[in-house]
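The hints should help you fit chains X, E, G and F onto chain R, whose structure is shown.
Sequences listed follow chains R, X, E, G and F, in order.
Heads up: the first sequence begins at 1 in the numbering used here, then just goes up one per residue.
Heads up: the second sequence begins at 1 in the numbering used here, then just goes up one per residue.
Heads up: the third sequence begins at 1 in the numbering used here, then just goes up one per residue.
Heads up: the fourth sequence begins at 1 in the numbering used here, then just goes up one per residue.
Heads up: the fifth sequence begins at 1 in the numbering used here, then just goes up one per residue.
Do not take every clue at face value.
As the list claims (entries may be wrong) - Subject to a maximum C-alpha distance of 35 Å in a straight line, what follows is the list of computed DSBU-like cross-link-like pairs (lysine-lysine):
#1 R:K14 to R:K44
#2 R:K44 to X:K44
#3 G:K14 to G:K44
#4 R:K22 to X:K22
#5 E:K14 to X:K44
#6 X:K22 to E:K44
#7 X:K22 to R:K14
#8 E:K14 to F:K44
#9 E:K44 to F:K14
Keep in mind that the hints were calculated from the coordinates and are not lab data.
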Amino acid sequence: MQISRVVRDLVTTKRVFWLASKSLRVVEDPAGNLDVVVDPIGTKPGDYVITIGYSAARAAAGNPNITTDLTIGGIIDDWSEERWRD
Amino acid sequence: MQISRVVRDLVTTKRVFWLASKSLRVVEDPAGNLDVVVDPIGTKPGDYVITIGYSAARAAAGNPNITTDLTIGGIIDDWSEERWRD
Amino acid sequence: MQISRVVRDLVTTKRVFWLASKSLRVVEDPAGNLDVVVDPIGTKPGDYVITIGYSAARAAAGNPNITTDLTIGGIIDDWSEERWRD
Amino acid sequence: MQISRVVRDLVTTKRVFWLASKSLRVVEDPAGNLDVVVDPIGTKPGDYVITIGYSAARAAAGNPNITTDLTIGGIIDDWSEERWRD
Amino acid sequence: MQISRVVRDLVTTKRVFWLASKSLRVVEDPAGNLDVVVDPIGTKPGDYVITIGYSAARAAAGNPNITTDLTIGGIIDDWSEERWRD
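Bound conformation, chain R alone (with noise of 0.2 Å):
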């Protein structure tokens, strides 16, 4: 799983079917690349989180059919700036 950090959340007019009713978050990662999850436990901008990609973030954002690719798996409670960049 990687390090990333909640940026704001994501507003999309059009999705496919199993995205429609998804919290969606953007998220950046240490290299400052900012990638599209499915929040399935509630983040705000600042947490510290884990992400799970491939396969199991489909059943990490709580159903299979979900067509996710990138799922937050959860909040990290020690973390700070200066480790994160490390």
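Using the frame of chain R, we list chains X, E, G and F on its own:
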């Protein structure tokens, strides 16, 4: 999922069976790399979209038999060039 | 899917069972990286093709038992060196 | 599989269900990137390990329902800093 | 699939169950990155091989229960250092 921008349609002559009837688009990611995606929702050049990769791409295309590894999952309402390139 | 250019055939002696009878090609991606792909449609050196990766590559090869992670999905009609290197 | 070095444990508060009871570690790859892994065998900081990614990570964690995309697969006996950084 | 060169065997003490009896090799890709692979066909250091990744790696290892994400798929007959580094 990744954030990309639709560049153009892609025309192919010979295709494997399960891609034969699909709309293919060329999209550009923030780093300027080009990818080919299945578009199940109908996008136009310039749209900012989220792309779904790996095994989830097949279900997102509307049929798990569709042999794609990248599919458009939604159109982003409020994205901007500045934010995209950040 | 990725856009690549067919470079040459690949000859191997020992192979795992499910690749034994497949046509293998070396393809080059826009960054100049070489990959080995299964070619189910019949391409020739110089053709611009789309390649399908991950689990979809097996079905694209015509049989999900074929142990490939990258398969040619189609030949692009109207691609050019300039556009490819963009 | 990748060769990585165990850095530390990872503590998370909220987690998705199938990660709730797992031991998570932060590992560092040869390029210095940090990843979060499930540790089913019991490693300690400084151990050189092999990590198993993608869908195989779930089975390697001991239960295919465990929503991980990276799992420790073994401890390497005879690795060294010099060799690792090659 | 990727083209890599076999570097050496890998010895591990503790391993997850489904890797316990497999031959593991360290391979080097053209960029010099090291990977660990399951070798189902019997290779020796210096051999140029194709490696199969992701979910196909399990079937290529001879048993879908084998928890590998990278497996040697064949030995290349006519590869050369020059061509490899191109």
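Evaluation of the provided hints:
no., hint, verdict
1, R:K14 to R:K44, "holds (24 Å)"
2, R:K44 to X:K44, "holds (32 Å)"
3, G:K14 to G:K44, "holds (24 Å)"
4, R:K22 to X:K22, "holds (26 Å)"
5, E:K14 to X:K44, "violated (47 Å)"
6, X:K22 to E:K44, "holds (24 Å)"
7, X:K22 to R:K14, "holds (18 Å)"
8, E:K14 to F:K44, "holds (13 Å)"
9, E:K44 to F:K14, "violated (47 Å)"
In this structure, the hints that do not hold are numbers 5, 9, in rising order.
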